[in-house]
Amino acid sequence: MDAIPTSFEELAPSAGGLDEGDVAQIRECLKLTPLERLRRLENLVNSIHRIRAQNR
Amino acid sequence: MSELRLESAFATLVRHRVDFVVVGGVAGVLYGAPFTTQDLDLVYSRAPENVARLARAMAELEARYVDPAGRHIVPDEAKLAALRVHLLETTCGRLDLLTTIPPNLPYERLIAEATSLTLGEIDISVVNLGVLIESKEKLGRPKDRYQVLYLREIEAQRTRGSIGDGQGR
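Protein sequence lines correspond, in order, to chains L and X. The opening residue of the first sequence carries number 1 in the numbering used here; numbering runs sequentially from there. The opening residue of the second sequence carries number 1 in the numbering used here; numbering runs sequentially from there.
With the rest of the complex left out, here is chain L (with noise of 0.2 Å):
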């Protein structure tokens, strides 16, 4: 299990604020093109609102 976290203290946010986990995202973000950024924006966006819409 070397290196591999499994305390809360192991995950303590960076100095920036985020943990590991967020900046993961931040690079994944990264990796696509402005406009594929924007579509996925939209999809997550309205699928919540579709989610929210069927269970009122």
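Calculated directly from the structure, the hints in this document are not laboratory data. Just so you know, these numbers come straight off a predicted model, no measurement behind them. The beta carbon of each residue, even a glycine, is placed where N, CA and C say it ideally should be. There may be inaccurate statements among the hints.
[As the list claims (entries may be wrong)] Only some residues are given here: those of chain L computed to face chain X with a beta carbon under 7 Å: (1) Gly16; (2) Leu18; (3) Gln25; (4) Ile26; (5) Leu30; (6) Arg37; (7) Leu41; (8) Glu42; (9) Asn46; (10) Ile51.
[To be verified] Partial chain L-side listing against chain X, Cβ under 10 Å, derived: (11) Val23; (12) Cys29; (13) Leu35.
Since the structure of chain L is already known, use the hints to place chain X on it.
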């Protein structure tokens, strides 16, 4: 509530030759932030000819003010020239038209440092990343402070050369 159709909103504004700068959460997303936002925030030029073009674009998008009383009030040329903030519902989703962002930066100041991004067939101007961070810090709401964490990390990665001009790969 209409579906969020940002590409379509931008295409309409560009077709009407509206001078605007993208600010707010969508600007952050365009730079690569993984957070979500439900509305598009734009700062527009208050030059009379631009206000006229913007009014025509708003008519095409069937824009109306978000009104808790349910009245149907449209952002016409007179309102766009006189008022500073317009919270609108359109056929492309929520759209907030602003004349400045903190600390009192109008279109003319924002466009001077803006980043030009290509979205398929169209080019749009997006607020400079450093200016966006400064503006969100001035706003200081919890959601702004949260978004600044992501924007600062993106800025750091840009400084380290992980990414170039905000155009992604």
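Verification of the supplied hints:
no. : hint  : result
1   : Gly16 : holds, 5 Å
2   : Leu18 : holds, 5 Å
3   : Gln25 : holds, 4 Å
4   : Ile26 : holds, 6 Å
5   : Leu30 : holds, 4 Å
6   : Arg37 : holds, 5 Å
7   : Leu41 : holds, 5 Å
8   : Glu42 : holds, 5 Å
9   : Asn46 : holds, 5 Å
10  : Ile51 : violated, 13 Å
11  : Val23 : holds, 6 Å
12  : Cys29 : holds, 4 Å
13  : Leu35 : holds, 5 Å
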